[in-house]
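A.B. asks: Since the structure of chain W is provided, determine the placement of chain P on it from the hints.
Those protein sequence lines, which keep their order, are chains W and P.
So the first sequence is numbered by the working numbering: it starts at 408 and just counts up by one.
So the second sequence is numbered by the working numbering: it starts at 9 and just counts up by one.
Because the hints were derived from the structure by calculation, they are not lab data.
Bear in mind that the values here come from a model prediction, so they are computed numbers and not experimental data.
Positions of the beta carbon are idealized from the N, C-alpha and C atoms, including for glycine.
Be aware that one or more of the hints could be misleading.
Dumping the calculated EDC-like pairs for lysine to aspartate or glutamate here, alpha-carbon to alpha-carbon at most 16 Å [said to hold, decoys possible]:
1. P:K163 to P:E57
2. P:K164 to P:D33
3. P:K180 to W:D679
4. W:K489 to P:E159
Which stretches of chain W does chain P cover? Using the computed rule of at least three CB atoms under 8 Å from a CB of chain P, they are [stated by the list, open to error]:
5. 479 to 490
6. 494 to 506
7. 623 to 629
8. 682 to 694
So you can see what is in the structure, the chains are spelled out below.
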Amino acid sequence: MDRRIFLLGIAATALPLALPGSVMAGFLDAIMDPASKESKLLSGAVNVLSSSQQMDYKSERAIGERLAVEGLRRYGMPVQNKNLQHYVNLVGMAVATNSPRPDIPYRFVVVDSQVQNAFACPGGIVFVTSALVGTMQTEAQLAGILSHEVGHVALRHALKSIQRAQFFTGVGQITAATMKGDKGAQFENMINDLQNVLFDKGLDQNMEYEADASAMETAYRTGYNPAGITETLQALQKLESGSTKKGSWFSTHPPLPSRIAKNQAAMKKYPDAMTLAVLGDRFKAQSK
Amino acid sequence: MNKSAPFIAAVAGTLLLAAPALAQDKLYVASEGAKLKADKSASSNTVAELPIGTPLAVHGQEESWYKVTAGSHSGWIYRGKVAATPPEVSKKGGENLFGGAGSSTIMVSEADSARSMRGLNESEQQAAKDAGRAPRPLSEYKQALDTVLAEKVDKKELENFLKAGRIGEYAK
Chain W
408 MDRRIFLLGI AATALPLALP GSVMAGFLDA IMDPASKESK LLSGAVNVLS
458 SSQQMDYKSE RAIGERLAVE GLRRYGMPVQ NKNLQHYVNL VGMAVATNSP
508 RPDIPYRFVV VDSQVQNAFA CPGGIVFVTS ALVGTMQTEA QLAGILSHEV
558 GHVALRHALK SIQRAQFFTG VGQITAATMK GDKGAQFENM INDLQNVLFD
608 KGLDQNMEYE ADASAMETAY RTGYNPAGIT ETLQALQKLE SGSTKKGSWF
658 STHPPLPSRI AKNQAAMKKY PDAMTLAVLG DRFKAQSK
Chain P
9 MNKSAPFIAA VAGTLLLAAP ALAQDKLYVA SEGAKLKADK SASSNTVAEL
59 PIGTPLAVHG QEESWYKVTA GSHSGWIYRG KVAATPPEVS KKGGENLFGG
109 AGSSTIMVSE ADSARSMRGL NESEQQAAKD AGRAPRPLSE YKQALDTVLA
159 EKVDKKELEN FLKAGRIGEY AK
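Excised from the complex, chain P in its bound form:
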């Protein structure tokens, strides 16, 4: 059986990675924050923001843009935002790409901390010994993880970042 699992994974991977073929007359929105533009330029008006999975009827391609219809809207979409198949939806995602990651949930509650810390500290003590420093308490790692999770990027800032770097649809 385990021969088939990698095979299936490979096939699934291939489907996910498949670059949109030019002859395709149907594509799907495959990126977060995909915009349907009035013209084949990122600076043209935004006709609609299209959610992931939106089916697109393709009428043509010019440069890096597809001319498409999505429901009642028509316009242009950058080639990097579409795929031949819609991406798999995360089960009970709950969050979206730009959502807050919150603080860590796996960390133990106060009542359990003493017992749990002992387990972590055993390995931490070895690591600290190897590195020639005093062991850190568990709270420092939790705090560090929460700092990482609190780092946030919003849509507008990301758009400005791509514009400033002339990346993708902002190349021209």
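Chain W with its partners taken away, still in its complex shape:
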């Protein structure tokens, strides 16, 4: 094990006890109140975010819900269309069943936004914008995008990003002794870092490639044509020049041509892809 990571683990273990509640702001107030439910949940999360252990699901979900509120704030409220929301949940659950992590309760939501994007909060809350749904033509394409986001959740990409970010910004050098006073604000930075990753900067390029590969596999296992994700990327590529960049798929995901090329190369793993479900008509009827 790397020594710096090891030190980080020790520092973080001491964190919940060493932090005075007064240095925390916003939501973290409740979390840092040692008696609160949130604090109990997250005291485990701090340890794990900073070490190589895996976080328990409840902590992961709690962080995800905090980020989901921010997602609603930044992108828009859920579209007021029960039929559409339920349909997207059916497609999402169909693929989640066959994803690399089929044992957690996922939820899928279409938010009212003209920005083309989809993103996933740790723990399984997946967002797709109404603009992106409008860009798609088939259920297999929707299944591909939802599988991609489920892949990020399953492979714990956002949380892994934060482990790295923390490491590189020097949070790892904090010791129990220096965690007093304003150093405690570093804790809140963790949530901010996650927001930055999910909503502004995007995940590491290799994580996107990994989620694409996972999406194709998951869609294929479910019985959808795994080309759906790539078709959606191609549709986005056509829109790219005239679209809003900020906070969109284009700013939070790697360049489309390289992803499309990689995905097309991966299609040879699925020789019978053309025989699998596409469902253009059902998608059109349900996504209105």
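C.D. replies: For chain P alone, kept in the frame of chain W given last:
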């Protein structure tokens, strides 16, 4: 060190994604709600419902189905339900795929709401200003999130949805 982390992640990812090889004589159930069928057809009788991680001895493959034995049961399982390695189990999952998501837990208690709302409203005010509308109170976002979490799909409904779309094992 950080060179090794992505490498390990990539290897782990590859293992998770590995498509079941035809020559494999041992596979694992890797999907929620996997059914062992009497014949290689979704409409045949269900011999058993197999939990995730169940090891399967493979006796052959025809079309999209594996002929397998799971413990004392023998039958056919759709190819999308198995993998060369069992999926990693979520630590203290507590819930399952079809479980209720409950309502949000992270939201602050009543006692803390005033202080916490101030933090959120600062950024909300900017967002509202940018969008040219009045800021929403925190309660609206919490309510929206709870509505999202309350959306539920049950197993039977999902099965009917797959059947109606002739998806996967229901293709024929």
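A.B. asks: Work down the list of hints and note, for each, if the structure agrees.
C.D. replies: Outcome of the hint check:
1. For the given pair, K163 (chain P) sits about 12 Å from E57 (chain P) by alpha-carbon distance, which is consistent with the 16 Å threshold.
2. Taking the CA atoms of K164 (chain P) and D33 (chain P), the gap is about 31 Å. The hint is violated against a cut of 16 Å.
3. Under the criterion of a C-alpha separation no larger than 16 Å, the hint pairing K180 (chain P) with D679 (chain W) is consistent with the structure, at around 15 Å.
4. A hinted pair counts as satisfied when its Cα atoms are at most 16 Å apart, and K489 (chain W) with E159 (chain P) qualifies at roughly 9 Å.
5. Here's how the stretch 479 to 490 of chain W fares: 5 of its residues keep a CB closer than 8 Å to some CB of chain P, so the rule of at least three is met and the hint holds.
6. As drawn, the stretch 494 to 506 of chain W meets chain P at 7 residues by the rule of a beta-carbon pair under 8 Å; at three or more, the given contact holds.
7. As drawn, the stretch 623 to 629 of chain W meets chain P at 4 residues by the rule of a beta-carbon pair under 8 Å; at three or more, the given contact holds.
8. Coverage of the stretch 682 to 694 of chain W by chain P holds in this model, with 5 residues showing a Cβ closer than 8 Å to a Cβ of that chain against a need of three.
In the structure shown, a violation is registered for the earlier hint numbered 2 alone.
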